[in-house]
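Visitor: What follows is the residue order along each chain.
Protein chains: 2
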Amino acid sequence: MTTVGEMGETALIEHITDRVRRASPLQTMGGRIITGIGDDAAVWRVGGVQAATTDTMVEGVHFRTSTVSWADVGWKAWASNVSDIAAMGGVPVAGLVTLGLPSSLDVSDIDALYDGFLEACSSYGTELMGGDIVGAPISFVTVAMTGVCSATPLTRGAARPGDVLAVSGPLGASRGGLILLEDGAPLDTPARQALALAHRRPTARTDASAVIRRLGVRCAMDLSDGLAADLPKLARASGVSLQVDTDQVPVADALRTEFRPEALRLALGGGEDYELLFAGPSDIVAAAVSEIPGSSVIGDVMEGNAGRVAYVAGRGERLSLNIEGWEHLR
Amino acid sequence: MTTVGEMGETALIEHITDRVRRASPLQTMGGRIITGIGDDAAVWRVGGVQAATTDTMVEGVHFRTSTVSWADVGWKAWASNVSDIAAMGGVPVAGLVTLGLPSSLDVSDIDALYDGFLEACSSYGTELMGGDIVGAPISFVTVAMTGVCSATPLTRGAARPGDVLAVSGPLGASRGGLILLEDGAPLDTPARQALALAHRRPTARTDASAVIRRLGVRCAMDLSDGLAADLPKLARASGVSLQVDTDQVPVADALRTEFRPEALRLALGGGEDYELLFAGPSDIVAAAVSEIPGSSVIGDVMEGNAGRVAYVAGRGERLSLNIEGWEHLR
Numbered sequence: 000m001t002t003v004g005e006m007g008e009t010a011l012i013e014h015i016t017d018r019v020r021r022a023s024p025l026q027t028m029g030g031r032i033i034t035g036i037g038d039d040a041a042v043w044r045v046g047g048v049q050a051a052t053t054d055t056m057v058e059g060v061h062f063r064t065s066t067v068s069w070a071d072v073g074w075k076a077w078a079s080n081v082s083d084i085a086a087m088g089g090v091p092v093a094g095l096v097t098l099g100l101p102s103s104l105d106v107s108d109i110d111a112l113y114d115g116f117l118e119a120c121s122s123y124g125t126e127l128m129g130g131d132i133v134g135a136p137i138s139f140v141t142v143a144m145t146g147v148c149s150a151t152p153l154t155r156g157a158a159r160p161g162d163v164l165a166v167s168g169p170l171g172a173s174r175g176g177l178i179l180l181e182d183g184a185p186l187d188t189p190a191r192q193a194l195a196l197a198h199r200r201p202t203a204r205t206d207a208s209a210v211i212r213r214l215g216v217r218c219a220m221d222l223s224d225g226l227a228a229d230l231p232k233l234a235r236a237s238g239v240s241l242q243v244d245t246d247q248v249p250v251a252d253a254l255r256t257e258f259r260p261e262a263l264r265l266a267l268g269g270g271e272d273y274e275l276l277f278a279g280p281s282d283i284v285a286a287a288v289s290e291i292p293g294s295s296v297i298g299d300v301m302e303g304n305a306g307r308v309a310y311v312a313g314r315g316e317r318l319s320l321n322i323e324g325w326e327h328l329r
Numbered sequence: 000m001t002t003v004g005e006m007g008e009t010a011l012i013e014h015i016t017d018r019v020r021r022a023s024p025l026q027t028m029g030g031r032i033i034t035g036i037g038d039d040a041a042v043w044r045v046g047g048v049q050a051a052t053t054d055t056m057v058e059g060v061h062f063r064t065s066t067v068s069w070a071d072v073g074w075k076a077w078a079s080n081v082s083d084i085a086a087m088g089g090v091p092v093a094g095l096v097t098l099g100l101p102s103s104l105d106v107s108d109i110d111a112l113y114d115g116f117l118e119a120c121s122s123y124g125t126e127l128m129g130g131d132i133v134g135a136p137i138s139f140v141t142v143a144m145t146g147v148c149s150a151t152p153l154t155r156g157a158a159r160p161g162d163v164l165a166v167s168g169p170l171g172a173s174r175g176g177l178i179l180l181e182d183g184a185p186l187d188t189p190a191r192q193a194l195a196l197a198h199r200r201p202t203a204r205t206d207a208s209a210v211i212r213r214l215g216v217r218c219a220m221d222l223s224d225g226l227a228a229d230l231p232k233l234a235r236a237s238g239v240s241l242q243v244d245t246d247q248v249p250v251a252d253a254l255r256t257e258f259r260p261e262a263l264r265l266a267l268g269g270g271e272d273y274e275l276l277f278a279g280p281s282d283i284v285a286a287a288v289s290e291i292p293g294s295s296v297i298g299d300v301m302e303g304n305a306g307r308v309a310y311v312a313g314r315g316e317r318l319s320l321n322i323e324g325w326e327h328l329r
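Protein chains in written order, with numbering that gives the first Met the number 0: chain A, 0 to 329; chain B, 0 to 329.
Hints in this document: simulated from the structure, not taken from any laboratory. Keep in mind that a hint or two might mislead.
Claimed, not checked - Partial selection, computed: residues in chain B whose CB lies under 8 Å from chain A:
#	residue
1	R44
2	G59
3	P136
4	T141
5	T154
6	R155
On a predicted model such as this, the values are computed, not experimentally measured, just so you know. Note that the Cβ used here is the ideal one computed from N, Cα and C, for glycine as well.
This is chain A alone, in the form it adopts within the complex (with noise of 0.2 Å):
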């Protein structure tokens, strides 16, 4: 055993350094890195239009080590920063991390940390080309990561009057995943195996954008902070309201089989689900549907009331749902 504090971060960064070049011994990304891992600053070469975007998980806030793996937090921060590039219609090239470490932390949740990263480095075909390390009271771990865009992303603010709305797939598994994970529930079915793997290891829907992009949706986001808390953000941007048909939101069957009362509301409200939500004409987006398993048309993009979001129910009455997403200030 050897803290951070022990190896120092001298020492601690040729550490991590030797390991990401082992992982990616050319650190060329087809010949595109020229400067990785190991200076100040990264150097790659680029041509056309680029992404860049950041996110950040701290330690008793968004992670808590009884409930996932380091190697889990290092798979979840690289994943939702591939998610907000794919959000945007980009293909992710290459990321860097920043590190607030305790000085007590064992070298070996380091090591840990970063086969998380590596792994989702290999799974999205990307790059950790470098970062900043610095002592800290709490552990935090920050990603940003660069990607390849068209000139015309997707964006929060393109959802016109008229389109309809759509989710990539089913919701609410991650937050069903950390109840149990919370409660120390035995992950003994394979529903809560399935849960558990959602909040632990989720998806970033890179095949999802690459079907609407080609198929010219111009509005999508990535569901980070729950479809309650997330669709207003859509409909403001945009200007536009949205009604929300609750009976089509697609709910994950494991979460059905083991919260079968609260399944819808977590499914609303529950964050870290990684799907995209997407709005566009209804031709396009039942195209779209149809070519990704598991994804639903679940509303109507309306005119007036900017930033309005209306829950019914199938047959069309009209809900007052009082959920939230995920507000990481209060």
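Since chain A is already given, all that's left is putting chain B on it; use the hints.
Guide: Just chain B now, kept in the frame of chain A:
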């Protein structure tokens, strides 16, 4: 007074987005930004070679609001990233800001922080193009920045035996300022004011970077952790040893005035100077030093003993120095 927790994440992000858009009404970077702050990721148009870096400041570790203002924190977090891009020979373009915020923090403090970011944006011709805000038990500020760069960036690994070593300006003023501010010393002399300013508002040497790049220097890094801590990093990356003449190390005038007997030690050990350390053939470095006021040749690059740094005083006797720079995790 409104705390961050009272305002909530969504409102705070909208508040910040409005401010940043007002400070940069077109979010265009000369037509390059396609989607700026407020979406899943920023999207901009580039061609050629990019540099990216990230740097973090943690409250209680890298700053205390008893000694620096929130505007100073914003300035420093931005300028330190500009400095990293300059140290690669790049020109900074745009950055993302990640904030970890306790819910008790006042929104006026966040406004002051963004004052600092936006002042630095303006000073360095850069744009704030997005970011992430999360709740955290302590405050931390991470900036990730990209810039354009040549295909032959200035790296730490390009020093060769026979090269000479130089710094772009006087060292130690930031450390001197930190000592005065932590002691609560009255800032009642020009020297003390200069030291405090150097600590609160360091300057990234984009000017010196442009000179050394134009003259053909290939090896550089910025001095963020202190000369004594940073020299071995350059020596290790280049596989060389270094010999530094402490009589030639430029010491900030105000530091000599205020800390006479300790001035050299503070100049060697103090961090956050953000001067450039560079190496190259003696004729090129001499030309650079003659163009950069305050810069000095400080030593030689030698073969063997990779990573070793020896200190001599002017007449040549070997010194045994016990000076440590900033190690973030100790």
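Visitor: Against the structure shown, which of the earlier numbered hints fail to hold, in ascending order?
Guide: Going through the list in order, the structure violates no hint and respects every one.
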